[in-house]
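Novice: Given next are the chains, with one letter for each unit.
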Amino acid sequence: MAGGQERILRGRIRSVQATKKITRAMELIAASRIVKAQQRVAAAVPYSELITEVVKDLAAAGAGKDKPFLAGRPDVKRICFVPIAADRGLCGGYNSGVLRATEGEIKADTGGAVEHLVVPVGRKAEGYFRFRGYNLGQGFAGFTDNPPYSVAKEIGEYVVDLFVRGEVDKVVLIYTRFVSAGSQEVVIRPLVPLDRGVVEGGDGKNAAGADYEYEPDPDLILDTLLPRYVEARVYAALLNAAASEHAFRQRAMKSATDNAEELIKNLSRIMNRARQDSITTEIMEIVGGAEALAGDDDSTPRRVEYVMADANQTGGRV
Amino acid sequence: MADASGHLRVEVVSPERVLFSGEARQVITRTLGGGEIAFLPGHSPFLGAVIENHTRVYLTDGTVQDIAVHLGFVEVGPDHVSILSDAAELAQDIDVTRAAEAKRRAEEQLRTEHSAEGEAALRRAHARLSATGGLGASH
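So the protein sequences, as listed, match chains A and B.
The number in our numbering is simply the position in the first sequence, starting from 1, with 6 added.
The number in our numbering is simply the position in the second sequence, starting from 1, with 149 added.
A hint or two may mislead.
[Stated by the list, open to error] No farther apart than 20 Å at their CA atoms in a straight line, the calculated lysine to any residue pairs in the SDA-like style are these:
no. : chain 1 : residue 1 : chain 2 : residue 2
1   : B       : LYS252    : B       : ASP215
2   : A       : LYS159    : B       : ALA269
3   : A       : LYS176    : A       : LEU76
4   : A       : LYS271    : A       : GLN282
5   : A       : LYS159    : B       : ILE200
6   : A       : LYS26     : A       : ASN265
7   : A       : LYS159    : B       : GLU266
8   : A       : LYS26     : A       : LYS271
9   : A       : LYS260    : A       : VAL22
10  : A       : LYS42     : B       : ARG166
11  : A       : LYS159    : B       : LEU168
12  : A       : LYS42     : B       : LEU168
13  : A       : LYS42     : B       : VAL167
14  : A       : LYS159    : B       : ALA270
15  : A       : LYS42     : B       : GLU165
16  : A       : LYS159    : B       : ALA236
17  : A       : LYS159    : B       : VAL167
18  : A       : LYS271    : A       : SER21
19  : A       : LYS42     : A       : GLY148
20  : A       : LYS27     : A       : THR263
21  : A       : LYS26     : A       : GLU267
22  : A       : LYS159    : A       : PHE149
23  : A       : LYS62     : B       : SER193
24  : A       : LYS62     : B       : HIS229
25  : A       : LYS260    : A       : ILE28
26  : A       : LYS159    : B       : HIS219
27  : A       : LYS62     : B       : PHE195
28  : A       : LYS159    : B       : ARG166
29  : A       : LYS159    : A       : ARG129
30  : A       : LYS159    : B       : LEU220
31  : B       : LYS252    : B       : GLN241
32  : A       : LYS26     : A       : ILE14
33  : A       : LYS83     : A       : LEU142
34  : A       : LYS159    : B       : GLU165
35  : A       : LYS42     : A       : ALA31
[What the hints assert, rightly or not] Pair by pair, the computed Cβ-Cβ distance ranges are:
no. : chain 1 : residue 1 : chain 2 : residue 2 : range
36  : B       : GLU185    : A       : GLU163    : 27 to 35 Å
37  : A       : ARG138    : B       : GLY282    : 51 to 59 Å
38  : A       : ALA77     : B       : ALA269    : 27 to 35 Å
39  : B       : GLU172    : A       : VAL51     : 17 to 25 Å
40  : A       : ARG16     : B       : ARG247    : 55 to 63 Å
These are computed hints drawn from the structure, not numbers from a lab.
Where a beta carbon is used, it is the ideal one built from N, C-alpha and C, also for glycine.
Excised from the complex, chain A in its bound form:
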């Protein structure tokens, strides 16, 4: 029946409208959170700059030269990958970007005899790698849209412990760097041992050009400092990932809202046509019926005209 089709279309339009309201709300929430996440990224900069400076100066002063933490291990047998993805979906290509980069990196590295260990951050990362049968370490999830420092500490302690115990010989971070609201990129950064580029460049001297005094000695300071440094790096990565997640989600939800609008427009057009069709059919049925009656009895032509005039009015209005 024609009327049935109209009802179905009306239902679909309603459902698309409801979805549109949800995606619009998610878009606005994500947009407001980008700003906050950006501020947190900026707020973390002084600490990480200072700690990087201190690490550089200590390394330049010759502390920990032969420590695996700085120098690395001669042969790398097992690499630990730490992909940072989201807890939730509905954020476009955010998760798949990180996960694909991680998978590519694992495949490239394990082409030889190198083993891998994945320490997934974010529920989506954990699900992805578990389902595909990768070697998993401990997973961390439930905070990716607003990561506290305590989580960065936990992750840092965990990977540092893996490295110190010799279970892995290298730790790699994979996350989405927040360049600006309009641009984010997936980056792959070595975490442990420390990147040469990070460590070099210090001169072991203060800005004034004098050598530092150390208390306790440089090696001891470095021992307590390096885990903190790793945590700061993890924290910066988490904050960048969170900001990127919101940016991705905002874009994805914006295009979802736009699509919903388009869909509603098309559906209403079809629905209107269906309603017009059903009215036309009804008129034809009435006219047909009246004419059939007129054939039997000549005394009713005026009534037929009346009905037709009414029908034309309705048709014109719709």
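Knowing the structure of chain A, use the given hints to seat chain B on it.
Specialist: The following block gives chain B in isolation, referenced to the frame of chain A:
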């Protein structure tokens, strides 16, 4: 050495934000194994690991900013003192009753069994109470 009569630019930085920044005449803190140490303007470059302590910053306006610093690092130059700590609290942000309660609990625990964790908790509580003046003179 730069200008020794000048002021120290003091910054206490935690990973999440800059906790405190200001100009000071003197900063007293405590390093790992080294005991308490005071920095005046013109101090030679210094790098140290900091343990739980009550850090005092003597501001140029004559007031003293008390800070409970729980582990971290201090980097000193002739004209600045930077304290890096992933757990530091300004005295005005500390809940004294909670700190006292934590101290009591830590002491109780240490009476029955000796643990590094309990000791650290006691030192943290001490630093907090000392910073808020709830301990009398600083230990």
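Novice: Which earlier hints turn out false for this structure, listed by number in ascending order?
Specialist: none
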